[in-house]
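Trainee: The two chains are supplied separately, each in an independent frame; assemble them into the complex guided by the hints.
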Amino acid sequence: MSGPFAIEVNQLRKTYGKEQLVAVDDVSFHVNKGELFGLIGPDGAGKTSIFRMLSTLLLPEKGTATVDGYDVVADYKQIRETIGYMPGKFSLYPDLTIEENLRFFATVFGTTIAQNYHLIEDIYVQIEPFKNRRAGKLSGGMKQKLALCCALIHKPTVLFLDEPTTGVDPVSRKEFWEMLKRLKEQNITILVSTPYMDEAALCDRIALIQNGKILSINTPQNMIEQYPERLFAIKADQMYKLIKALREYPEVMDCYAFGEYAHVSFKGALQEIKLKAYLETKGLVQIEIKPAAPTIEDYFIKLLKN
Amino acid sequence: MEQFINFVKKEFAHVWRDKKTLLILFGMPVIQILIFGFALTNEVKNSEIIVLDQAKDQASQQIIGRIAASRYFHIQSSVMNKEKIEEAFKQGKIKMAIVFPAGFNETLLHQGKAQIQILADASDPNTASMLTNYVSSIIQDYLNSIDKTAVIPYSIVPEVRMLYNPQLKGAPNFVPGVMALVLMLVCVMMTAISIVKEKETGTMEVLLVSPFSPLLVILSKAVPYLILSLINVASILLLSIYVLDLPVNGSIVLLFAESTLFIITCLSLGIFISVKTDSQQMAMLISLMGMFLPTVLFSGFMFPIENMPYPLQLISNLVPAKWFYIIVKSIMIKGVGFSAIWKETLILGSITVVLLAVSLKSFKIRLA
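First to last, the sequence lines map onto chains X and F. Using the numbering used here, the letters of the first sequence correspond one by one to residues 30 to 335. Using the numbering used here, the letters of the second sequence correspond one by one to residues 197 to 564.
These are computed hints drawn from the structure, not numbers from a lab. Be aware that one or more of the hints could be misleading.
Quick list of the computed label-pair ranges, beta carbon to beta carbon [unchecked claim]:
#1 F:I427 <-> X:D227: 53 to 63 Å
#2 F:W212 <-> X:V200: 45 to 55 Å
#3 X:Q239 <-> F:V226: 58 to 68 Å
#4 X:Q215 <-> F:I561: 23 to 33 Å
#5 X:I330 <-> F:G223: 57 to 67 Å
#6 X:E207 <-> F:I201: 34 to 44 Å
#7 F:A453 <-> X:G165: 38 to 48 Å
#8 F:S409 <-> X:Y269: 56 to 66 Å
#9 F:N202 <-> X:D198: 27 to 37 Å
Simulated coverage check for chain F against chain X, where a stretch passes if three residues somewhere in it have a Cβ under 8 Å from a Cβ of chain X [as the list claims (entries may be wrong)]:
#10 203-215
#11 388-399
#12 404-418
Straight-line Cα separation of at most 25 Å, DSS-like style, residue types lysine-lysine; simulated pairs [what the hints assert, rightly or not]:
#13 F:K393 <-> X:K166
#14 F:K216 <-> F:K395
#15 X:K166 <-> F:K557
#16 X:K160 <-> F:K215
#17 F:K557 <-> F:K472
#18 X:K331 <-> X:K273
#19 X:K166 <-> X:K203
#20 X:K166 <-> F:K215
#21 X:K47 <-> F:K252
#22 X:K331 <-> X:K264
#23 F:K278 <-> F:K252
#24 F:K393 <-> X:K160
#25 X:K106 <-> F:K557
#26 X:K91 <-> F:K560
#27 F:K395 <-> X:K106
#28 X:K296 <-> X:K264
#29 F:K278 <-> X:K106
#30 F:K216 <-> X:K166
Backbone N, C-alpha and C fix where the C-beta goes; we use that ideal spot for every residue, glycine too.
This is chain F alone, in the form it adopts within the complex (with noise of 0.2 Å):
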């Protein structure tokens, strides 16, 4: 055991001591939350919408003023007809509309009960949900000002239509994205350089030829690499929640447990493709054109993959990322626990037995 410490303690040494590596390791997830929130924000801020209101009353005008507050929104204009609506979504010219039914107030005071409709241009499907999902909080939030009074609870149902994509296809969320990106480049591509890199200096060959087990040999390299990786971890969670103001719904516990479980998968490859590669490059082109092309295209980060081929679609499910990246926006956006994703835990569960199986398998005793 005193072994197996002393040589993790050697491997962060090696990891402190490589300043690029180091500022790659924390810079980029920090780096790239940073240019995906950026780009994001810039978006869903002051966002362009038309508002219909048939009823003009009490209530109708609250909401809008609320609305209009808001620095997700700006009104456009009001105008009076739906056709005028269709129009202005078909010139591109707002992202939202909503209209308020005649009586708004009426309905919702003697009935308890309101609809309002809300209208988005769901061709840029991660948008439209942002923005529904803002005004269905704005609602929300009149209707809690209101409660305090009332005897039986009112509610508005907003009524949500996603228009030109209506399923919303493939919305991405980009945290769980980069999370998955993120763990897979350090994990695999750090494990398997640091591991190659003892086969090009003949260290590997010292040893081997000594009592230490090659299998501690190469737990003890991935023990730093899960550390840093969990820090990566919560690096982005920390940004994604005070930086891009997009909250954890879900347990913080059950996040980390997957990003372990995914994390072992990742170091699993790494050392798969350390076993099998011999030169520092190797490892790295591997680790880039084999993995990382594959986490970007086949996750659903970002290409929706109900949109691919069949044959496509099935390999997609061989990546690990995919589960990944479903688990992650289950538990971040909406809010689940464990029994809504134990069967995708399950999936990446059994990749990473037998990826790690077979690396451990492969590793050589020997030198050839």
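One chain only, chain X, in its complex shape (with noise of 0.2 Å):
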């Protein structure tokens, strides 16, 4: 009975007190069957409000939503079924142990570690060896994988994943993200919601939020590729004071700090010998100018400045 879509979405709102602060403002999307989708937005837009609500924890206050066909209002308890859910925060009892939560998750879903040892095998297999250690006292990396192994335990058919990679280290995050991509392969949907730009580039599709509101849905491919201007990096030994001579460079349309340079874009061509020499002027040295690709975060910075 489900339709074509894994979760679809429509004009879905939420408002929080008696203030009506907007947390999600009509927001439509759609994921398809076996897609790993991304939630890409900072903190406070809205992201873990859309979770909750496809997640059957929160009422909508507008709109309709659907989860594998079924209405996260109306058939609430056939979505507790099927889905997996990691909530943001780490949900994991600290005083049991690896092996007890997985157990005690796989009983309250009805099923048992050997059932599916198959699809957290991968994962399980790098938390394996401190099955005895309460889950307290274990490393971020290894929480958000035994969280994921918790989720994944009654092979759900739709993974919502709230920000599972916030507050782990690089490495955790490259794998944790590795394992997203296996298990995308088991046919498994997956919606996961992030801070960071980063992880945007490797899901299928992104949306990308603010306050509320999806500014842009497509490829992460497809969104570098939007990007209308060229865009120049450009290094100098003082960054402030790069940054405000270059805003007060008439041709530049753009400018700001991205790591250790500025990502700058020009109403006209670049005229490279013009730009350094001015910048000279204004006490510069050690400049260095080079093209630059546009990154998902480059994208987003455009998106809200419009």
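Mentor: This is the structure in structure tokens:
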């Protein structure tokens, strides 16, 4: 009885409190079956509210949403049977061991570890040596792996991961995303949220979200290709002075710090010699100008500016 | 069902692994009973009394001898007139006075029935009733010893007069009170905290997004505390029987049944608090201020309800601990059966049903 999409969201809206603070503002999107879909946005953009509405934990104020063809309000029981959900906060029992946590969640979902071990095997072997350690004593990365195992143990058709890599070290983050890729091969639909732009490129499609509104939905590749201007990375000995000087330069359209470089786009074609000379009159040295490939973050900043 | 059992097992693991809480759970009732018990036995041992023996015959001397031998009493002096007794009471020198009428032995032997007057300072009602009970049992003891040779059973009627507080208002017996307190604390606070903890750590979110019924989540949280509380009831009773020499006069089974009812009342309250709060501190504060205080104030354990202004008396009717306190006191001390306390049981049961219904109904299947 499932429709064409794993997740379908229509004009979803949610406000909080008496002040009617808008957390989710008429959001619509869909996720195909077996897709790895990312909700990308800064803290407070409304990602968690969307996750909670889709996982039947919050009632939407307006609009409809279905997961696996089930309505999130009317058919919440069916949805709870089929989905896997990993909240943003560490959500396991710190006083139970790894194995006990996993076994507990398996029984809660009416299954056993043995039954779906193949699903979690790749991940679980990494933490299995510590299976008698209490979950509260695990490192951030191991905690996330265990939480993922617990969310997967009942073979969900749709997996909701709310900021699974926040507060996790870069190596573990990378491993975590490799696991998601492998899960996708098992035909599990994954909706993941993250504030990290570099992770966005690893999704099949992403929705950029800010202040409860979706700004754009596309594949990461298309987003980068859609970037309208040519982008340059410029470096000098003093970053703050450089950005200030660039913003005063009439030809500059956009300029912002991006790591150790300033990302700059120009209204016309760049006249490198002229710009360099200008910057030198401002007292900057060791000037380096090179073309830069736009990233999702550049695209996001561009969207926010408009 | 297997899910449920597993859930309960998990709850037990939480309790066992939290050593500090465990210590409080089982240490608290023991310590409370011992503290109250110690304070109590200290008061009753070696109480100063006066004997006015107008008979000076065999029977009176034998009874006086038995009283003097008891570790509860210390006979200060023997006086010859009643005015001296009143004086001693007013000066606070004595807790009790015993008066034998003239011709005591004769009356007892010929009429088979004699009287003794026992006067007690009931401004401290607890001690007064304890002392008169001791004297009564000593007299009973004496009668048993002379009865063996008698044709008709003799009887001595102690004419007890409680001075200064004749109705023995609020004569507290602390064991039922401590029982109500401990159960209130353990059940309300611990259940509330253990549920709110799941909310705080975010595990409640995961549990809600599972096929496991939210109702069962709550029930499986309550089961361990029900069992732990019954263990507490047992330990309190054991202490009171073997350490404090305070036997249970009524049916133990009935006592445990009534305790279970009260525990369920407390668990419902705990669930209700957990539904309404989001942090452990909040749950703890509400449990302490909102539940613990009314229990101390309105159960009749510390402060006699009859002495309260009428509006407060009305409020006290809503406090489940009051009814439980009455029930336990009746079973433990008066030794009555169910027929004597069905009314209180019915009230307590009704409160429980209402609380349970409200708390289960207000339990949310979603986050907000």
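Trainee: It remains to establish, for every hint, whether it holds in the given structure.
Mentor: Right, here's what the structure says about each hint:
Distance hint check for I427 of chain F and D227 of chain X: the Cβ-Cβ separation is about 55 Å, which falls inside the suggested range of 53 to 63 Å. Between W212 of chain F and V200 of chain X the C-beta distance comes to about 36 Å, which lies outside the given range of 45 to 55 Å. Separation of Q239 of chain X from V226 of chain F is about 59 Å and conforms to the stated range, judged on CB atoms against 58 to 68 Å. As the Cβ distance of Q215 of chain X to I561 of chain F is approximately 30 Å, the hint placing it in 23 to 33 Å holds.
A hinted range of 57 to 67 Å holds for the C-beta pair I330 of chain X and G223 of chain F, which are about 60 Å apart. Taking 34 to 44 Å as the suggested C-beta distance range, the pair E207 of chain X and I201 of chain F conforms, at roughly 37 Å. Checking the proposed 38 to 48 Å range against A453 of chain F and G165 of chain X shows it holds: the Cβ atoms sit about 40 Å from each other. Range check, S409 of chain F to Y269 of chain X: about 59 Å between beta-carbon atoms, so the 56 to 66 Å window is met.
In this structure, N202 of chain F and D198 of chain X meet the distance hint of 27 to 37 Å, their C-beta atoms being roughly 33 Å apart. Look at the segment 203-215 of chain F against chain X: 6 of its residues bring a Cβ nearer than 8 Å to a Cβ of that chain, three or more, so the hint holds. Restraint check on the segment 388-399 of chain F versus chain X: 3 residues with Cβ-Cβ distances below 8 Å, three needed, restraint holds. Given as covered by chain X, the segment 404-418 of chain F passes the check, having 5 residues with a CB less than 8 Å from a CB of that chain where 3 are the minimum.
A hinted pair counts as satisfied when its Cα atoms are at most 25 Å apart, and K393 of chain F with K166 of chain X qualifies at roughly 18 Å. Our distance criterion of 25 Å between C-alpha atoms is met by K216 of chain F and K395 of chain F, whose separation comes to about 21 Å. For the proposed pair K166 of chain X and K557 of chain F, the alpha carbon gap of about 37 Å is over 25 Å, so the pair is violated. This hinted pair checks out: K160 of chain X and K215 of chain F have alpha carbons roughly 22 Å apart, not beyond 25 Å.
A distance of roughly 12 Å separates the Cα atoms of K557 of chain F and K472 of chain F; the hinted pair therefore holds under the 25 Å criterion. For the hint linking K331 of chain X to K273 of chain X, the alpha-carbon distance of about 19 Å falls within 25 Å, and the restraint holds. Between the alpha carbons of K166 of chain X and K203 of chain X the distance comes to roughly 22 Å, so the proposed pair stays at or under 25 Å and holds. Using a Cα cut-off of 25 Å, the hinted pair K166 of chain X and K215 of chain F holds, with the two alpha carbons roughly 17 Å apart.
Note on K47 of chain X and K252 of chain F: the hinted pairing is violated, with a Cα-Cα distance of about 86 Å set against a maximum of 25 Å. With a CA separation close to 20 Å, the supplied pair K331 of chain X and K264 of chain X stays within the 25 Å bound. This hinted pair checks out: K278 of chain F and K252 of chain F have alpha carbons roughly 16 Å apart, not beyond 25 Å. Distance restraint check for K393 of chain F and K160 of chain X: the Cα-Cα separation of roughly 24 Å lies within the 25 Å cut-off, and the hinted pair is therefore satisfied.
Restraint check: the Cα-Cα separation between K106 of chain X and K557 of chain F comes to about 18 Å, which is no more than 25 Å; the hinted pair holds. Under the criterion of a C-alpha separation no larger than 25 Å, the hint pairing K91 of chain X with K560 of chain F is consistent with the structure, at around 20 Å. With a C-alpha separation of about 20 Å, the suggested pair K395 of chain F and K106 of chain X falls inside the 25 Å cut-off, and the hint holds. Restraint check for K296 of chain X and K264 of chain X: satisfied, since their Cα atoms lie roughly 19 Å apart, inside the 25 Å limit.
Distance restraint check for K278 of chain F and K106 of chain X: the Cα-Cα separation of roughly 82 Å exceeds the 25 Å cut-off, and the hinted pair is therefore not satisfied. Between the alpha carbons of K216 of chain F and K166 of chain X the distance comes to roughly 19 Å, so the proposed pair stays at or under 25 Å and holds.
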